[in-house]
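We have chain G already, so just place chains P and A on it with the hints.
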Amino acid sequence: MPVNAVGREVPSEINGVRFKPFAGDMKTPPEGRRAGSLIRMTPRGRNKVVKSLKEVIKNVGLEDGMTVSFHHHLRNGDFVVNMVMKTIEKMGFKNIRLAPTALFPIHEPLVPMLKNGTIRRIEGSMNGPLGKATSEGYMKETAILRSHSGRVRAIESGEIHVDVAFIAAPTADAYGNLNGVDGPSACGPLAYAMVDAYHADHTVAITDNLVPYPAHPISIFQHQIDYVVPVDKIGDPAGIMSGTLRITTSPTRLKIARYAVKVIEKVALKPGFSFQAGAGGVSLAVTKFLGDIMRKRGIKASFINGGVTKYVVDMLHEGLVDVVFDGQAFDLDAVRSLKEDPNHIETPLAMYGNPYSSGGVVNMLDVGVLGATEVDIDFNVNVNTHSDGYLLHGIGGHQEVAAGAALTIITVPLYRYRVPVIRERVTTVTTPGEVVDVIVTERGIAVNPKRDDILEALKGTDIPVWDIEDLMKKAYSICGRPEEPKTTDEIIAAILWRDGTLIDVVYKVKNH
Amino acid sequence: MRVQAGTEEKGDVLVVIEPAKKKEIVIKSKVQVMYGEAIKNTVKEMTKNLKKVKVEISDKGALEWVLRARMEAAMRKYRGEKE
Amino acid sequence: MKLRRTRLYVPGNNPHLIENVGLYDADVVILDLEDSVPIPQKFDARILVKYALQHVEFGKSEKWVRINGIDTPYWKRDLEEVLPFCEVVNLPKVEIYDDVEKVAKHMEKIEKKWRIEERGIVPIIETVKGLINARDIAKHSRVIALAWGGEDLTADIGIPRKKALILDHVRAEIVFAAKAWDKQALDTVYSDIRDMDGLFEYAQRARYMGFDGIGVIHPNQVETVHRAFRPTEDEIQKAREIIEAAREAEKKGKGVISLNGRMIDKPVVERARKILAFAEVD
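Residue numbers (the numbering used here), protein chains in the order written: chain G, 1 to 512; chain P, 1001 to 1083; chain A, 2001 to 2282.
Okay, chain G solo, but in the shape it has when bound (with noise of 0.2 Å):
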């Protein structure tokens, strides 16, 4: 097998198809041209409205083997996936390629489906239980994990040609508009769906809120959509929003905040800059403490990307900065904004960060903080798997953030729990080191070599830095040296960078 650029033996090929090794970001220039979806037709008068899934899997004339796709933007309130994949198994397809933008624990019930054949492979995201069943070699192909951005390309490519996509909508009207602002599942955008709404050979859109035509604001247009089926409920609120979401108050935690906030200080921040944190514990603590210091030094950003929350939204109505892009929201306070602020903007999956492309928004980044599950001594990076070598994570937007931002920053402890999350070599590369600046641990910071800019600019402060082997070594004499995951020659899943190349694969374990 090939070594690629990262060091890892990859395959030349995955479930029969050729894909070249990861050679570097921006190192494999795309070919060919975009993918088209089949042209339909409508005249005036059709309905679009069906009553039932089955009658609507019946008229887009579902096969075996073919390819659904769906959106997350409900997380892990979505019933969306689980009812239309129950009508699918119960209608007798088999062998079907998922292709969703990620999906959850809330649908663990597709598991039993890998076994049985009606999904012979997932090309998406994995966060929980399917990914562990994946892990364990319940799935009869090798599962495809792409980035967000990784995947518009793959579809506007035709690297994946979806067959149809049933897009959860929390609002829509009989005509095929859609929004995600209003309705009982209100969502935000429906930023992941836009590229299968305009991309797919049939589109079905599954609502709980139909509502006289027009539905608007428009998210989706309406000369996408096929077909318009309403149901009871498309989600559960309590799983699609956050709740308000708090900063973290573990003590070490926000240390490493403290610690990233002030690396932004000293190095990026400047009237104008521009920022993305997402929103988990650590960031938003960084977005908060963040803002503290540009309303204290009269600093306005140009932009947040999103990942967007109560945070972001406050900053923005506050003045510390113009514009929000939003490609996906964690809280009511963010859905109410994007409703109603013309500067908080609804971006298309595509515009995020696809580098088969005419540039997007990641590329105007200064700052992106991400977090990892681990980050070895080559500064690479893991979100998929776990050090005991199961798949539990999908790639997020990770990529592109890292790969577009002046400055990426990743967030970590030391270790978690006894488990090292510095290590001599990560268990699966998701985020080479070439594109990570700086990593921050509640102990100090390591700087990339190759970023002296950035240790120059950080003299004189009170942040430790270290080399990063000593990071690593403080953390195996606390932890102990790990022992790496027992696993098969079996690779159950592939891992692309956002260009397509394979930048490292995921082994079946042993002995689950």
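Calculated from the structure, these hints are not laboratory results.
Source: prediction; values computed, not measured.
Note that CB positions come from ideal geometry on N, CA and C, so glycine has one too.
Hints should not be assumed to be uniformly reliable.
[Claimed, not checked] Okay, derived cross-link-like pairs now, EDC-like style, lysine to aspartate or glutamate, Cα gap no bigger than 20 Å in a straight line:
(1) A:Lys-2076 x P:Glu-1037
(2) G:Lys-473 x A:Glu-2057
(3) A:Lys-2042 x P:Glu-1072
(4) P:Lys-1030 x G:Glu-484
(5) A:Lys-2060 x G:Asp-462
(6) G:Lys-86 x G:Asp-64
(7) P:Lys-1082 x P:Glu-1072
(8) G:Lys-486 x P:Glu-1037
[Said to hold, decoys possible] Covered, in the sense of this in silico footprint (three residues per stretch, anywhere, with C-beta under 8 Å from a C-beta of chain G), are these stretches of chain P:
(9) 1015-1024
(10) 1057-1065
Frame of chain G; chains P and A shown alone:
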């Protein structure tokens, strides 16, 4: 007599020792793959003078010194120390 | 002078809270075997603390253990396990000089056995009886500082803790008793961990009342308290001038220190030293 030390909280370990026909060490750990061997070695080393006991470890990611402290507490209770 | 602006209480039977204590920059970390440990866990906690003292990094923090009171069956065993590995014993519910003496005697035995140097004691005054004997208690040679707690004391008098008007009087007594013997005076904790403004005010008030530090119950309180104990620029400037004048006088072999034509007494010089220590510019 059955004795125990520690808790099942995260970052801690619960050690249970009870009489048995022959020596037996049972380890359940959140970090089995990475530290299962290390835990077993520590328990074996600390109990090398104990015979006819069952030692049960339920570990939630305790550091080595925590495991040693809980083991010592359990063993001393097993030997009859009180309070 | 040893700074003890913050002493962070950490429950003695919680390994996850203990393992990072060195990261929080508290002047003192107290591993607690008393109130935060339920009776069935006293045995486990004592051994856990013994290991923690030897294996956890305490960073800049001084290592203290709060043992159980001498009215319990635990205090001797506590000392036997932890004394060799800690620097100071925090002793709750002290009421008379002889309470300290009793503990000191037992400590001496252990210290001899382990051939280790003498450890200090910080008694906690928690009762009316303890308070009226505070001046006596502070005199004991092992005592390096006096601390106090309000819960039992107000109960003793029969008033609610939160509305008690007598506490500043208690504070003054503690400060006088400690300072008379040149010991540190340590104020009690501020329990609302969310209210940082309130904490700052509380700590600053403690400082101007004569205390050398307060107790903290959450690591997030440490930074605020240190800020509150930092002297003002004006105070620092004046202190610098006084120390400079003292140096000058010493160099010239003068017995009398003078600054801007005024004579400066020894306590004033000492205060200046203390202010510079608090300013961390020593």
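message: Under the constraints set out in the numbered hints, which ones does this structure not fulfil?
response: Hints 1, 9 are the ones this structure does not satisfy, whereas the remaining hints hold.
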